[in-house]
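Visitor: These are the residues of each chain, in order.
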Amino acid sequence: MANVLLIAEHDGTNLNPSTAKSVACAANIEGAEVHVLVLAADAAGVAAEASRLDSVAKVLTVSNPANENALAAVLAPQIVALADGYDYVFGPSTTFGKDLMPRVAAMLGVNQISDIMSVEGSHTFKRPVYAGNAIVTVNAPEGHTVVATVRTASYRAVGSDNAAPVEAVDPGVELPTHTRFVELQTGQSDRPDLQTAARVVSGGRALGSSESFDIIYALADKLAAGVGASRAAVDAGYVPNDMQVGQTGKIIAPDLYLAIGISGAIQHLTGIKDAGTIVAINKDEEAPIFEVADIGLVADLFDAVPELTEALD
Amino acid sequence: MEKILVGLKRAVDYNVRVRVKSDGSGVETDGVKMSINPFDEIALEEALRIRERGEASEVIVLSIGPGDAQQQLRTGLAMGADRAILVEADAALDALDRARVFKAIVDREGVELVVLGKQAIDDDNNQTGQMLAAVWDRPQATFASEVAIDGNTARVTREVDAGLETIEVDLPAVITADLRLNDPRYVKLPDIMKAKKKPLDTLALADLGIEASPAIEETHFAPPEARQKGIMVDDVSGLVTALKDKGLI
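Chains A and B supply the protein sequences, listed in that same order.
One point on numbering: in the numbering used here, the residue at position 174 of the first sequence is 174, and numbering is uninterrupted.
One point on numbering: in the numbering used here, the residue at position 68 of the second sequence is 68, and numbering is uninterrupted.
Careful: at least some of the hints might be erroneous.
[Stated by the list, open to error] So the derived label-pair ranges between C-beta atoms look like this: (1) P240(A) x N152(B): 28 to 36 Å; (2) P17(A) x N152(B): 36 to 44 Å; (3) E291(A) x D137(B): 41 to 49 Å; (4) A215(B) x G159(A): 35 to 43 Å; (5) D207(B) x E142(A): 27 to 35 Å; (6) A91(B) x E291(A): 24 to 32 Å; (7) D107(B) x E285(A): 51 to 59 Å; (8) D107(B) x D214(A): 49 to 57 Å; (9) P165(A) x A206(B): 47 to 55 Å.
[Stated by the list, open to error] Covered stretches of chain A, as calculated for chain B (at least 3 residues, CB under 8 Å): (10) 24-35; (11) 235-241; (12) 298-305.
Just so you know, these hints were derived from the structure itself, not from any lab.
Think of the CB as a built atom: it goes at the ideal place given N, C-alpha and C, for glycine as much as any other residue.
Sequences and hints are given; from them, build the entire structure.
Guide: In structure tokens form, the structure reads like this:
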């Protein structure tokens with residue numbers, strides 16, 4: 001038996017898809033019994049969603065107004081108190097998990113394995129380093145809790161035909177007040193979420209301006225695709241930070257990825273290496289993006305993109 | 001506040017195309033350009049700006065690693081840090097041990113703010129700042145894109161998957177820098193000369209009395225699986241045909 005405590009990511013109302021992908025990873029541990037922990041102001045709705053996930057044996061809930069916003073300093077002591085008896089404590093490698101899980105690991109006195117891309121044994125995992133230029137096999141020390149984050153792009157979400165029992169628990173710990181949520185500014189969009197969309201269209205520095213991104217949005221809307229961007233395009237202020245794809249942005253695995261005017265720096269490529277089909281449109285035939293593209297087109301994007309959008313009618 | 005502590009990790013330069021050694025024991029570092037981890041440079045720039053606004057009086061840079069890391073500390077001093085500390089240790093030290101080193105220096109120096117890069121571009125771990133905040137039992141504000149100090153609190157805007165989150169933390173605290181926090185300054189030649197005269201203390205890991213954490217063992221390095229060579233199309237209609245052939249549209 002190997003007990004896994006998996007920390008659910010959610011926005012207070014809905015479970016984030018990163019959770020179902022992390023369950024898929026946890027279920028790969030031999031003999032794993034996966035418990036999902038939902039920490040929320042009111043955990044009921046999210047817990048009901050989590051209980052439907054296949055491979056989940058139990059859902060634990062902590063409802064506390066202090067958990068309204070996911071503050072690592074507030075959540076970590078509750079997780080540590082509830083981690084007793086678990087062999088593994090997992091979270092997704094999203095900004096939520098990246099912020100939270102190392103705090104949990106340190107409080108438990110262990111190191112953390114970041115970005116698990118495959119489970120090789122009870123304590124053996126593979127993870128990417130050097131922006132994905134190398135894959136390292138690591139052994140976690142036996143006899144200690146394994147704390148890890150899951151590289152969600154490496155996993156497909158488990159199904160949702162389950163009805164796992166839900167149990168309210170009380171961590172019984174005092175929570176710090178030294179960290180306070182102020183606000184969240186989110187780019188409201190009706191487009192598919194970048195991290196879960198089956199198709200993604202991304203624009204790079206070659207777009208040249210915020211206004212020029214309109215042709216990317218038009219193509220994306222025609223394909224019902226999410227929209228991403230290279231670091232260069234975000235740095236230049238063409239689009240907001242939450243659209244960045246790559247080593248330090250979002251790691252995604254859509255079925256179809258269109259890289260428009262993106263040169264293909266290694267830091268970008270690591271964010272898309274699990275994409276099904278990569279299409280590149282770039283004026284520069286020497287651009288490194290063509291080394292990884294399944295379909296490449298050397299063309300001026302300002303001609304090719306509107307033409308492609310029209311051709312998809 | 002008095003002192004800000006900044007971590008500078010010696011890492012393979014951002015522009016180096018890293019190659020895995022043929023025996024799988026690690027990546028090639030012989031003759032490879034080493035630099036300050038880019039996120040740490042951003043962290044240092046932010047600390048310098050806080051000091052220059054008069055909100056802190058001293059910026060200390062700390063590196064944990066081999067003796068060669070003195071080069072990165074000298075660069076940090078040339079950027080404007082007041083003094084440097086090198087804690088000599090194995091380059092592969094785990095993050096929790098690094099966090100405990102930072103904590104030991106925080107205690108020695110009476111540091112009120114620690115600014116670190118959000119991750120090192122070699123191990124891509126993204127852990128040390130959060131772990132330091134845990135062992136210090138203080139707030140953490142990770143992935144910062146904006147920092148404002150107001151007396152005993154800091155207001156930090158964070159780059160999160162959903163957008164931009166703002167939190168307020170009481171000091172002392174740990175902040176980790178994301179890409180868009182600032183553009184680090186360039187070092188000028190006279191600053192490099194001046195930096196040679198600034199103090200750089202070297203400590204051995206053993207001097208700090210740190211308990212070693214249970215280590216994660218790296219057993220084998222491999223290059224990533226290469227994608228199959230793709231096709232080039234001549235025009236947009238060729239692209240549409242190729243996408244249709246693959247059943248993607």
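Visitor: Would you mind marking each hint as holding or not holding in the structure?
Guide: We went through each hint and held it up to the structure:
1. P240(A) x N152(B): 28 to 36 Å: Given about 31 Å between the Cβ atoms, the range holds.
2. P17(A) x N152(B): 36 to 44 Å: holds (39 Å)
3. E291(A) x D137(B): 41 to 49 Å: Because 48 Å falls inside the window, the suggested range holds.
4. A215(B) x G159(A): 35 to 43 Å: Holds - the Cβ-Cβ distance for A215(B) and G159(A), about 37 Å, lies within 35 to 43 Å.
5. D207(B) x E142(A): 27 to 35 Å: Given about 30 Å between the Cβ atoms, the range holds.
6. A91(B) x E291(A): 24 to 32 Å: At 30 Å between Cβs, range holds.
7. D107(B) x E285(A): 51 to 59 Å: holds (57 Å)
8. D107(B) x D214(A): 49 to 57 Å: At 54 Å between Cβs, range holds.
9. P165(A) x A206(B): 47 to 55 Å: holds (51 Å)
10. 24-35: violated (count 0)
11. 235-241: Coverage by chain B holds here, the residue count being 3 at a Cβ distance below 8 Å.
12. 298-305: holds (count 3)
Against the hints set out earlier in the document, a violation occurs for number 10 only.
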